[in-house]
Structures are given as structure tokens and as C-alpha cells.
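Starting from the given sequences, assemble the full structure and let the hints guide the process.
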Amino acid sequence: MTNKYRNSLRPAALLLGGLLFTMATASGALACRGTAEYPEVAARLAAASLPADKKADLERQFEEGRAMHEKAHQQNDPDAMRDSLKILDRLKGSL
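Add 149 to a position in the sequence shown, counting from 1, and you land on the number used in my numbering.
Hints were generated in silico from the structure; no laboratory data involved.
Because the structure is a prediction, the values reported are computed rather than measured.
Note that CB positions come from ideal geometry on N, CA and C, so glycine has one too.
Wrong hints could be hidden among the right ones.
Said to hold, decoys possible - Below, in silico cross-link-like pairs of lysine-lysine (DSSO-like), each with a Cα-Cα straight-line distance of 30 Å or less:
(1) LYS204 / LYS235
(2) LYS241 / LYS203
(3) LYS220 / LYS203
(4) LYS241 / LYS204
What the hints assert, rightly or not - Label-pair restraints from in silico Cβ distances:
(5) LEU199 / ASN225: 28 to 38 Å
(6) ASP232 / GLU189: 12 to 22 Å
(7) PRO227 / ALA191: 15 to 25 Å
(8) ASP202 / GLN223: 17 to 27 Å
(9) ASP228 / ALA201: 28 to 38 Å
Rendered as C-alpha cells:
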């Protein structure tokens with residue numbers, strides 16, 4: 150006689166293990182709010198009706214922060230990531 154209960158737990162354990170592995174490897178990307186917020190701020194900045202010089206300055210700051218954000222991800226640099234998010238917050242406050 151086979152133990153059917155034990156055999157039915159194996160697929161569930163594999164599924165749970167796969168889910169945990171996926172969450173563990175994706176947690177860095179999920180935790181970074183800049184990944185979602187930089188595109189949102191880009192859209193808000195493009196739609197903003199501001200004086201040309203003010204808008205150009207904000208666009209320059211945006212590009213600086215976005216480039217820093219991407220580089221911080223590539224180099225796994227938490228200090229640069231924090232600085233890029235400060236720029237993002239400043240831009241959001243200006244819009």
C-alpha cells in the first residue's frame with residue numbers, strides 16, 4: 150500500500166519552493182521604488198506647463214537622477230541609489 154498523502158505533498162512543496170526562490174531573487178527589484186517612479190515622474194514632467202527655463206532645469210535634474218539610478222542598480226551601490234531617490238523626491242515636490 151502506498152502513502153498517497155505523502156505523494157500529494159511533493160508538488161505543493163515544489164511549488165512553494167519555486168515561489169520562495171522567485172521572491173528571493175526578485176526582492177531587490179521589487180523593493181526599489183525608483184524603478185516605477187522615474188517613469189511616472191517623466192510623464193508628469195513632460196505634461197507639466199512650466200516656464201521653459203524651469204522645465205529645462207527639471208529635465209536636466211531628472212536625467213541626472215535617472216542615470217544615477219540605473220548606474221546604482223548596475224553597481225549595486227546603495228549610496229548612489231539613495232542619492233538618486235533624493236533627486237526623484239525633489240523633482241516630485243517641484244511638480
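The hints, checked one at a time:
1. LYS204 / LYS235: holds, 18 Å
2. LYS241 / LYS203: Answer holds: LYS241 to LYS203 is near 14 Å, not above 30 Å.
3. LYS220 / LYS203: Satisfied, since the Cα-Cα distance of roughly 26 Å is no more than 30 Å.
4. LYS241 / LYS204: The hint holds at about 13 Å.
5. LEU199 / ASN225: 28 to 38 Å: Check passed, 35 Å falls within 28 to 38 Å.
6. ASP232 / GLU189: 12 to 22 Å: Given range 12 to 22 Å: holds, Cβ gap about 19 Å.
7. PRO227 / ALA191: 15 to 25 Å: Holds, since PRO227 and ALA191 (Cβ atoms, about 23 Å apart) stay within the stated range.
8. ASP202 / GLN223: 17 to 27 Å: violated, 32 Å
9. ASP228 / ALA201: 28 to 38 Å: holds, 34 Å
In summary, the one numbered hint that this structure violates is 8.
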